[in-house]
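Colleague: These are the residues of each chain, in order.
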Amino acid sequence: MSEFVFATAQYESGDWDSAPLLPANVIDSIARYTSIEVAPTGVIVPLSSPSLFRYPLVYLTGHLPVRFSDAERANLRQFAARGGLLFVDDHNHDIDGTFHKTATEELTRVYGGLKPLPKTHPLYQAFFVFEDGPPTTSHELNGWGDNLVHKTLSGVEREGRLVLLFSNKDYSSEWNYHPENKRFLSVDNTRFSVNIVVYALTR
Amino acid sequence: MPSRADVRHAAEIALRAVLLATLVLALWRSLRQSPSASRVIAARTETLDRDTRRALHSSEVSGVDVELSAPPTAAQRDALVALRRNSISIHWRGEVPGIALEVIRRREPAGGATITVIGAGSAPLVLSDSAGLIDTVRAGAVSVDVGTLVGAVSATRLTTLASARTPKTTPRRAVLVLGQPDWEEKFVQAALGEAGWQVRARVPVAPGVVVRDDGLLPIDTARYDAVVVLDSSASDLSPAITRFVQQGGGLVVSGGALGIPALRALTPAAAGDRRPGRILLASDTVSPSDLPFRPLLVREDAATLERHVAGVALAVRRVGLGRALAVGYDESWRWRMLGGFSGLAEHRDWWSRVIAAVAPERADTSAAGADAAPRAALIDALGPPSGAASETPRVPEDRLPAILLGIVILAELAETASRRFRGVR
Chain U
1 MSEFVFATAQ YESGDWDSAP LLPANVIDSI ARYTSIEVAP TGVIVPLSSP
51 SLFRYPLVYL TGHLPVRFSD AERANLRQFA ARGGLLFVDD HNHDIDGTFH
101 KTATEELTRV YGGLKPLPKT HPLYQAFFVF EDGPPTTSHE LNGWGDNLVH
151 KTLSGVEREG RLVLLFSNKD YSSEWNYHPE NKRFLSVDNT RFSVNIVVYA
201 LTR
Chain S
1 MPSRADVRHA AEIALRAVLL ATLVLALWRS LRQSPSASRV IAARTETLDR
51 DTRRALHSSE VSGVDVELSA PPTAAQRDAL VALRRNSISI HWRGEVPGIA
101 LEVIRRREPA GGATITVIGA GSAPLVLSDS AGLIDTVRAG AVSVDVGTLV
151 GAVSATRLTT LASARTPKTT PRRAVLVLGQ PDWEEKFVQA ALGEAGWQVR
201 ARVPVAPGVV VRDDGLLPID TARYDAVVVL DSSASDLSPA ITRFVQQGGG
251 LVVSGGALGI PALRALTPAA AGDRRPGRIL LASDTVSPSD LPFRPLLVRE
301 DAATLERHVA GVALAVRRVG LGRALAVGYD ESWRWRMLGG FSGLAEHRDW
351 WSRVIAAVAP ERADTSAAGA DAAPRAALID ALGPPSGAAS ETPRVPEDRL
401 PAILLGIVIL AELAETASRR FRGVR
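Taken in order, these protein sequences are the chains called U and S. Using this note's numbering, read the first sequence as starting at 1 and increasing by one per residue. Using this note's numbering, read the second sequence as starting at 1 and increasing by one per residue.
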């Protein structure tokens, strides 16, 4: 049995490392709630590198405009074809922002059109149950960006499995804190990250 | 000196005598049943139908001597067998080329079939089905994989035709994957699903929390073709799995699951010490020989299906009505993800073949038919060819009945004409 390694995508444009504390927080939640064997630290994997295929779940975020290189696009196409899942989170939580516009444009070139995920999608029942779909974040209505609650996530499925999950919820801000500080929360706001990992490992 | 009328009267009496004698001879001949009157028909390929019919309807034929220039059809062969069972000796000679044809339907859901043809001689063999030409192959043993077959399959060389029907397909049942949440469990599910298998899974993700498909239990042959056990998380289902295999289900045991004590009685091999996979550089691609590996220690009653440089990688054995297969590779998902452009398809097809090797077959997947090997069928039915012409005395075709009939007609006409000329009725 190989342990799960949380991988953050490094891409040539933009600020790929804008949520440096998120991996440790997600890893903490995986270890806290599940019996999944998880590596204690995450890795950073360049999108254009063959090493991408060692990590079938990869997290990508940023604030700035995204423009993939040809090698990154080619790698991502193969990554999707082989069943890898790319989780992209808009650190701006703004559908009118530059990250959203450029990232969706790039992802559409690679994956095809993104479609909203219904609230009944298995992702929302993979571990914790989120009957109303994706959990909202405190950053969606804080005056930054479009000041909207984004009701759905979107994605692309192949063979009945998600190969791309796209979020404007700004989980990158929501989960970007030291795991020790979870004790100050009445409800752990990283629970949805467990669903993403469990979904990726079991579907 | 006798008058002309006396001569004529005497001639009429003689003609009548000849007529009566001929009739008596014909009657005697028809009633006579002696061995010396039996005869052997000399038949050829072109006249075989007519000659076998004649032999069938004549009580005087004691044998048929067949000179073949092409293999007889199944109906002709059956007719000859029927004659032989009716105490008529059958001898055959001639050059009947040996061709054997077999069609085996693949057990994977994707279907398709493998045609194997064996033919001596240098002339090409033409393989075809009802839809048309499939391939032209040279002599020797050749296997051809075909995705879709329409109607019967035939192999033709000059005048020799071997044909086999297309075997039936079996509707496949689900495959149950049991494993902990990791990439191996995910990509085994993915590979089997992409190969057309209906996949169900049970994945325990936390104490008391299991990701599972609805209607997972009971594990029986009415629901599942095979169960894949990837690690020790399936220990609690060992009794059900044992019962399933005994009843005819297939079992694939891989990785840490080879150490489950309750499954050891089923598995065809024990696992040796785990060897790490090859250390990869960034641009390296992965093949099965690079994967982490547990060399299999194969039981005496098991068969080895695949070898790795470090030992046996796949072994299978029969258990009750079912089959159990052990896999020595660990983390096969790396083959799919890091195996280059072909890794995905190779990993998918490999896992599909592994399941097909243990999945029960509910219909005959191999079809040959009576004409799949014409020469072998001929020898099986009639014995080997005669070295020379039959020793049984052969006579030309019997013309005596026709001669006797001619004599009767001529004598009767002559006598009647003579009497009419005399004015006597």
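No lab work stands behind these hints: they were computed from the structure. Please note that the accuracy of each hint is not assured.
Straight-line C-alpha distance at most 20 Å; calculated SDA-like pairs for lysine to any residue [stated by the list, open to error]:
hint	chain 1	residue 1	chain 2	residue 2
1	U	K182	U	W16
2	U	K182	U	S69
3	U	K101	U	S69
4	U	K119	S	K168
5	U	K119	S	V211
6	S	K168	S	T156
Partial chain S-side listing against chain U, Cβ under 10 Å, derived [stated by the list, open to error]:
hint	residue
7	R93
8	E185
9	F187
10	V209
11	R278
12	A282
13	V286
14	L344
15	L382
Just so you have them, the derived chain S footprint on chain U, three or more residues with Cβ under 8 Å [to be verified]:
hint	segment
16	10-24
17	29-41
18	50-57
19	65-74
20	190-201
We put the CB at the ideal spot given by N, CA and C, even for glycine.
Colleague: Each of the hints needs a verdict: does it hold here or not?
Modeller: Quick rundown of the hints versus the structure:
1. Taking the CA atoms of K182/U and W16/U, the gap is near 24 Å; set against the 20 Å cutoff, the hint is violated.
2. Between K182/U and S69/U the CA atoms are separated by roughly 37 Å; this puts the pair beyond 20 Å, and the hint is violated.
3. In summary, the hint linking K101/U to S69/U is supported, as the alpha carbons are separated by about 17 Å, within the 20 Å threshold.
4. With a C-alpha separation of about 44 Å, the suggested pairing of K119/U with K168/S is violated against the 20 Å cut-off.
5. Restraint check for K119/U and V211/S: the C-alpha separation of about 18 Å stays at or below 20 Å, so the hint holds.
6. For the given pair, K168/S sits about 23 Å from T156/S by alpha-carbon distance, which is inconsistent with the 20 Å threshold.
7. With a least beta-carbon distance of about 62 Å to chain U, the hint placing R93/S at the interface is violated under the 10 Å criterion.
8. Interface restraint check: E185/S against chain U, minimum CB-CB distance 7 Å, threshold 10 Å, status holds.
9. Below 10 Å, beta-carbon pairs count as interface contacts, and F187/S has one with chain U at about 6 Å; its hint therefore holds.
10. Interface restraint check: V209/S against chain U, minimum CB-CB distance 7 Å, threshold 10 Å, status holds.
11. Proximity of R278/S to chain U is violated relative to the hint, the smallest CB-CB distance being about 14 Å (cut-off 10 Å).
12. A distance limit of 10 Å between C-beta atoms decides the matter here; for A282/S the minimum to chain U is near 5 Å, and the interface restraint holds.
13. For the restraint placing V286/S at the interface with chain U, the shortest Cβ-Cβ distance is roughly 9 Å, inside the 10 Å limit, so the hint holds.
14. The interface hint given for L344/S is met, as the beta carbon of that residue sits about 5 Å from the closest beta carbon of chain U, less than 10 Å.
15. Proximity of L382/S to chain U is violated relative to the hint, the smallest CB-CB distance being about 56 Å (cut-off 10 Å).
16. Counting residues of the segment 10-24 of chain U whose beta-carbon sits less than 8 Å from any beta-carbon of chain S gives 0, not enough to reach three: the coverage restraint is violated.
17. Remark: the segment 29-41 of chain U is confirmed as covered by chain S, as 5 of its residues place a Cβ nearer than 8 Å to a Cβ of that chain, reaching the required three.
18. For the segment 50-57 of chain U, the proposed coverage by chain S is satisfied: 5 residues have a C-beta within less than 8 Å of a C-beta in that chain, meeting the threshold of three.
19. Coverage of the segment 65-74 of chain U by chain S is violated. Counting CB-CB distances below 8 Å, 0 residues qualify, and the rule asks for three or more.
20. Counting residues of the segment 190-201 of chain U whose C-beta sits closer than 8 Å to any C-beta of chain S gives 3, which meets the bar of three, so the coverage hint holds.
Checked against the numbered hints above, the structure breaks hints 1, 2, 4, 6, 7, 11, 15, 16 and 19 and satisfies the rest.
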